[in-house]
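*Asks:* Chains as they are written, first to last, in my numbering: chain D, 1 to 197; chain W, 1 to 171.
Hint data in this document are derived by calculation from the structure and do not stem from the laboratory. Please note: incorrect hints may appear among the correct ones.
[As the list claims (entries may be wrong)] Listed next, the in silico DSSO-like pairs over lysine-lysine satisfying Cα-Cα at most 30 angstroms (straight line): (1) W:Lys9 / D:Lys144; (2) D:Lys73 / D:Lys22; (3) D:Lys94 / D:Lys172; (4) D:Lys93 / D:Lys172; (5) D:Lys137 / W:Lys9; (6) D:Lys179 / W:Lys18; (7) D:Lys179 / D:Lys93; (8) D:Lys179 / W:Lys9; (9) W:Lys9 / D:Lys192; (10) D:Lys93 / D:Lys145; (11) D:Lys179 / D:Lys192; (12) D:Lys73 / W:Lys9; (13) D:Lys137 / D:Lys179; (14) D:Lys7 / W:Lys9; (15) D:Lys94 / D:Lys137; (16) D:Lys87 / D:Lys192; (17) D:Lys137 / D:Lys192; (18) D:Lys192 / D:Lys172; (19) D:Lys144 / D:Lys87; (20) D:Lys8 / W:Lys9; (21) D:Lys172 / W:Lys9; (22) W:Lys9 / D:Lys145.
Chain by chain, the residues:
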Amino acid sequence: MDVLPAKKTDEELIHELQEGRKEAFDEIVDRFSGPLNNFIYRIVGDGVTSQDLLQETFIRLWTNRHSYREIAKFSTWLYTVAGNLAKSELRRKKVRRFFSLSVSGERSLDGEDDRTLELPDEDADPEGDYERRQILKRVEEEVKKLPFLFREVIILRDLQELSYEEISTILKIPLGTVKSRVNRARLRLQIKLMDLR
Amino acid sequence: MITCERFEKGFEAWQSGKLNPEEAELFRRHVIECAHCRVFTPAAYRLRELTVSLPQVEPSPGFTYRLSNRLNELSTRDIKTTRASVRLLPRWAALGAGLASGLAVGLIIILSLNSDDMSKPGISMTGTPVASHETAPINLVDTTKDIEDSLEAAEQLYDLDRKFQVVSDGK
Numbered sequence: 001m002d003v004l005p006a007k008k009t010d011e012e013l014i015h016e017l018q019e020g021r022k023e024a025f026d027e028i029v030d031r032f033s034g035p036l037n038n039f040i041y042r043i044v045g046d047g048v049t050s051q052d053l054l055q056e057t058f059i060r061l062w063t064n065r066h067s068y069r070e071i072a073k074f075s076t077w078l079y080t081v082a083g084n085l086a087k088s089e090l091r092r093k094k095v096r097r098f099f100s101l102s103v104s105g106e107r108s109l110d111g112e113d114d115r116t117l118e119l120p121d122e123d124a125d126p127e128g129d130y131e132r133r134q135i136l137k138r139v140e141e142e143v144k145k146l147p148f149l150f151r152e153v154i155i156l157r158d159l160q161e162l163s164y165e166e167i168s169t170i171l172k173i174p175l176g177t178v179k180s181r182v183n184r185a186r187l188r189l190q191i192k193l194m195d196l197r
Numbered sequence: 001m002i003t004c005e006r007f008e009k010g011f012e013a014w015q016s017g018k019l020n021p022e023e024a025e026l027f028r029r030h031v032i033e034c035a036h037c038r039v040f041t042p043a044a045y046r047l048r049e050l051t052v053s054l055p056q057v058e059p060s061p062g063f064t065y066r067l068s069n070r071l072n073e074l075s076t077r078d079i080k081t082t083r084a085s086v087r088l089l090p091r092w093a094a095l096g097a098g099l100a101s102g103l104a105v106g107l108i109i110i111l112s113l114n115s116d117d118m119s120k121p122g123i124s125m126t127g128t129p130v131a132s133h134e135t136a137p138i139n140l141v142d143t144t145k146d147i148e149d150s151l152e153a154a155e156q157l158y159d160l161d162r163k164f165q166v167v168s169d170g171k
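Put together the whole structure using the sequences plus the hints.
*Replies:* Next comes the structure, spelled out in structure tokens:
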């Protein structure tokens with residue numbers, strides 16, 4: 001019976017990359033492009049920008065690959081880079097909007113594009129799936145409307161399923177603050193989505 | 001002792017009595033000790049189940065290809081930058097050589113002037129009178145010309161290098 005080779009840890013991959021193995025970089029891209037894109041997209045709310053920032057994240061990983069030290073988890077390090085890029089982008093957007101004369105009413109107060117995010121169409125099971133998709137769409141909209149401080153912790157904890165410890169490292173805030181923000185964000189969402197029950 | 005993450009994940013199983021007594025006890029203790037998890041209600045659990053199941057937004061299929069192209073572009077630019085910094089070397093080398101030769105010539109003049117003073121009659125180091133005609137005359141005009149020549153050569157070298165760089169940069 002063939003035994004599948006054990007999956008390399010993220011730390012093993014970055015170590016191999018630091019030693020000059022290009023394939024390790026491809027593997028990292030393969031492993032992280034989905035979750036990171038999802039994370040950035042949920043923060044900036046725009047598919048094109050999120051892919052640009054994802055590309056920039058990987059370019060930074062490539063150019064700074066030797067500066068990674070094993071004091072933090074590699075995924076945490078990568079999320080920090082992506083998160084910082086996403087935050088800078090949001091700041092830039094705010095400045096652009098401030099100086100722009102063509103501010104339209106379709107943007108919400110916290111600076112995001114308010115058009116709803118389209119969930120991917122899944123074929124089959126028309127009724128049950130349709131209802132579930134509508135619910136998820138509502139949840140998605142409400143997550144998007146959360147103030148940035150709450151949104152980022154909810155994305156990291158409940159969408160990306162990172163641990164509280166990891167979130168604390170990524171956002172550079174105390175563990176207690178992360179937990180209280182998550183609770184407050186969940187409470188806000190529960191209130192907003194009360195009609196779904 | 002269980003973590004908050006474990007508590008959130010196993011909350012429903014705990015609530016519906018699906019955990020074994022030892023595990024259930026751990027959950028019960030955790031909720032007493034952890035203020036954060038104390039407010040984690042069935043409604044919060046249901047909400048979390050929904051947010052967790054939101055679809056993941058994947059990058060478009062051509063992403064990896066675009067990334068690879070971008071990295072290639074960057075590494076090409078890196079090589080060009082390295083070459084440019086190598087091209088800068090001769091200019092600095094020419095300047096350095098000019099300055100060094102200027103200093104060397106200056107030093108020779110000073111030493112020659114000093115030795116001229118020393119070889120005047122009556123101030124010989126050996127105490128023996130030295131006739132002024134025995135001293136080899138120092139041709140100051142030639143020496144100055146030497147300095148000018150070497151400086152000019154350095155400048156020409158510098159100009160030449162600059163021209164070469166302009167041509168090689170394609171400007």
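*Asks:* Are the Cα positions of Lys73 of chain D and Lys22 of chain D separated by 30 angstroms at most?
*Replies:* holds (20 angstroms)
*Asks:* Measure nothing beyond the straight line between the CA atoms of Lys137 of chain D and Lys179 of chain D; if it is 30 angstroms or shorter, mark the hint as holding.
*Replies:* holds (25 angstroms)
*Asks:* Check the hint pairing Lys94 of chain D with Lys137 of chain D against an upper bound of 30 angstroms on the C-alpha distance.
*Replies:* Cα-Cα ~25 angstroms, so holds.
*Asks:* Check whether the Cα positions of Lys137 of chain D and Lys9 of chain W lie no farther apart than 30 angstroms.
*Replies:* With Cα atoms ~23 angstroms apart, Lys137 of chain D and Lys9 of chain W stay inside 30 angstroms; holds.
*Asks:* Does Lys172 of chain D lie within 30 angstroms of Lys94 of chain D when you go C-alpha to C-alpha?
*Replies:* holds (23 angstroms)
*Asks:* Sort out whether Lys172 of chain D lies within 30 angstroms of Lys93 of chain D, counting only the CA atoms.
*Replies:* At roughly 23 angstroms apart (the allowed maximum being 30 angstroms), Lys172 of chain D and Lys93 of chain D satisfy the hint.
*Asks:* Take the C-alpha atoms of Lys93 of chain D and Lys145 of chain D, compute the straight-line distance between them, and say whether it is at most 30 angstroms.
*Replies:* holds (16 angstroms)
*Asks:* Checking one constraint from the list: CA of Lys9 of chain W to CA of Lys145 of chain D, max 30 angstroms. Satisfied?
*Replies:* Roughly 25 angstroms between the alpha carbons, so the hint for Lys9 of chain W and Lys145 of chain D holds.
*Asks:* Lys179 of chain D and Lys192 of chain D: Cα distance at most 30 angstroms?
*Replies:* With Cα atoms ~20 angstroms apart, Lys179 of chain D and Lys192 of chain D stay inside 30 angstroms; holds.
*Asks:* For the pair we were handed, Lys73 of chain D and Lys9 of chain W, check the Cα-Cα distance against 30 angstroms.
*Replies:* Roughly 22 angstroms separates the two Cα atoms, so the pair holds.
*Asks:* Does Lys192 of chain D pair with Lys172 of chain D here, judged by a C-alpha cut-off of 30 angstroms?
*Replies:* holds (28 angstroms)
*Asks:* For the pair supplied as a hint, Lys9 of chain W and Lys144 of chain D, confirm whether the alpha-carbon distance does not exceed 30 angstroms.
*Replies:* holds (24 angstroms)
When held up to the earlier numbered hints, the structure conflicts with none and fits them all.
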